[in-house]
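Engineer: Work the whole structure out from these sequences, hints included.
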Amino acid sequence: MSNTTLDAPYLDLADPGFAMQSEQLRSARERSWYARTNFGLAVLRYDEVSKLLKSPKLSQGSAKWPEHNGVHGGLFFDWWTKNLLVLEGEDHHRIRRLLNPAFSPRLIKDLVPRFQALANELIDDFIDNGECEFIRDFAEPYATRVLTILLGIPESEWPTIARLASTIGLALGVTFKRDLEKVDAAVAELYAYAEDLIRDRQATPGEDFVSRLVLANRDGDRLSDEELRNALVLLIFGGMDTTRNQLGLALQSFMRNPDQWELLAERPDLGGKAVEEVMRTNPTVTWVTREAVEDFTYQGLDIARGTTVHLFTQSSGTDPMAFPDPDMDLLAEHAPHYGFGGGVHHCLGHFVARADMSEALPLLARRLAGPHLTGGDEWLPDSGNTGPIRLPIGFTKRS
Numbered sequence: 011m012s013n014t015t016l017d018a019p020y021l022d023l024a025d026p027g028f029a030m031q032s033e034q035l036r037s038a039r040e041r042s043w044y045a046r047t048n049f050g051l052a053v054l055r056y057d058e059v060s061k062l063l064k065s066p067k068l069s070q071g072s073a074k075w076p077e078h079n080g081v082h083g084g085l086f087f088d089w090w091t092k093n094l095l096v097l098e099g100e101d102h103h104r105i106r107r108l109l110n111p112a113f114s115p116r117l118i119k120d121l122v123p124r125f126q127a128l129a130n131e132l133i134d135d136f137i138d139n140g141e142c143e144f145i146r147d148f149a150e151p152y153a154t155r156v157l158t159i160l161l162g163i164p165e166s167e168w169p170t171i172a173r174l175a176s177t178i179g180l181a182l183g184v185t186f187k188r189d190l191e192k193v194d195a196a197v198a199e200l201y202a203y204a205e206d207l208i209r210d211r212q213a214t215p216g217e218d219f220v221s222r223l224v225l226a227n228r229d230g231d232r233l234s235d236e237e238l239r240n241a242l243v244l245l246i247f248g249g250m251d252t253t254r255n256q257l258g259l260a261l262q263s264f265m266r267n268p269d270q271w272e273l274l275a276e277r278p279d280l281g282g283k284a285v286e287e288v289m290r291t292n293p294t295v296t297w298v299t300r301e302a303v304e305d306f307t308y309q310g311l312d313i314a315r316g317t318t319v320h321l322f323t324q325s326s327g328t329d330p331m332a333f334p335d336p337d338m339d340l341l342a343e344h345a346p347h348y349g350f351g352g353g354v355h356h357c358l359g360h361f362v363a364r365a366d367m368s369e370a371l372p373l374l375a376r377r378l379a380g381p382h383l384t385g386g387d388e389w390l391p392d393s394g395n396t397g398p399i400r401l402p403i404g405f406t407k408r409s
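Offset between the sequence shown (1-based) and this note's numbering: plus 10.
Mixed in with the good hints, there may be bad ones.
[As the list claims (entries may be wrong)] With a cut-off of at most 27 Å between alpha-carbon atoms, the simulated DSS-like pairs for lysine-lysine come out as follows:
#1 K192 to K64
#2 K192 to K92
#3 K74 to K61
#4 K92 to K67
#5 K92 to K64
#6 K187 to K92
#7 K74 to K187
Since the hints were derived computationally from the structure, they do not count as laboratory data.
Structural biologist: Here it is, written out as C-alpha cells:
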C-alpha cells in the first residue's frame, strides 16, 4: 500500500458504536472515495464500487473471513471454503450453471399466492393488539416459512430452520471466534437435515426446488451429493437470515419515511420498487468483500496483492454523486443498487428475496397504519450483515 493511504479517512469497523448511516461515514465519503479500516480498505462511492465489483483484479474476499478471525478448521470452515459464495473460476461457474434452472421465475410465480396467504395469516395473529414484536411475529416466521414452501418441507419445521440459520449467521459477525462452537454445531445439524432431504427427493422427486436440484443434470454434468448439500445449506442460511434482516430494515426505513408507507398502502403495485429502495438505502449486507489477486493501481492508489477490499453497498447506494436525491423514493428512477452484490457473485437467490418481500411489504402497509417504535429494540452490529434482533412496534389497524 502506498503512502497516499495515510491521507485517507480511517474507520474503526469493530467499534460497537460504528454506524454506516453516520456523519462520520458521510464526511469520509465526501473527502475520499476510499477509507482505511482495521479490516482492509473500504470503498465508499458508487462509481468506484460499480467498477471494482466487476474487476477481474479482485476475487471474492469472503473466503478468507474465517482465517482473518483466527478460525482455520472445523465444519463451518470446511463448508464455507467450498460453497458457491466463495468459489471462483470454473468451479463457481459450473455449480452456478447447474443450480440456475432450479431458481426458475416460473416456480416462484406459482408460489406468490401462498406468500400472500402466509403474510396475511401472520398479520391476522397480531393486528388486533395494535402492537407486535416485528421480527418474532412477522419477519422471522415469514422469511423461514417462505423457504419451507420453496423447499417442499412441512411449514411446521420452520422454528428449527430459523434457529440453525440464525446461529450460522453469527459466523459473519465480528464475534465469530467466540461463537465458533455454536456455529459448528448448527452446521452439523443443517448438514444432516439437507442430506435427509436430498435422499428423500432422490427416491421420490416432486415439483419442488430440491427435486429440481437433485434432477439438475446438464450435458452429462451433475452436482455431487456434497455440492448439493453445500448449496442447500447456503440457500437455507442465506435465504432466511438475510430476508428476515432485510424485512426488519425495511420497516425501519418506512418508519423514517411515513409518506412512502402511505404511498405503498395506496399503490401495492409499488411493492417491487419498495424492495429496491430499501435495499439501496438500508441493505442488510452493508459491504461486499473482495481480495486483490495481483498488485495494481486504481485511481492513484497502489493496492497490493492480498489486500482485503470492502465495497460498501449502503454507502454507495446513497452516494450523492450518483443519487443527487439519495432519500428513499418509490417513484424515482435510480441507478441499480448493489444490495445483492454484483459481477459473477451476484446473489443467486435474489429473485426469491425480491418476490417474497415485494408481496409482504404492500400487505403490511395496507393493513398497518403509522407503524412506530415502542422501545426495547435490539440490533446486530452495524457492519457485515446487520438488522434488528428485536423490533417492538405499535400501529393502528386500518379499517
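Engineer: Determine for every hint whether it applies to the structure shown.
Structural biologist: Hints and how they fare:
| no. | hint | in the structure |
| --- | --- | --- |
| 1 | K192 to K64 | violated, 35 Å |
| 2 | K192 to K92 | holds, 20 Å |
| 3 | K74 to K61 | holds, 22 Å |
| 4 | K92 to K67 | holds, 21 Å |
| 5 | K92 to K64 | holds, 22 Å |
| 6 | K187 to K92 | holds, 19 Å |
| 7 | K74 to K187 | holds, 14 Å |
Hint 1 alone, counting from the list given before, is not met by this structure.
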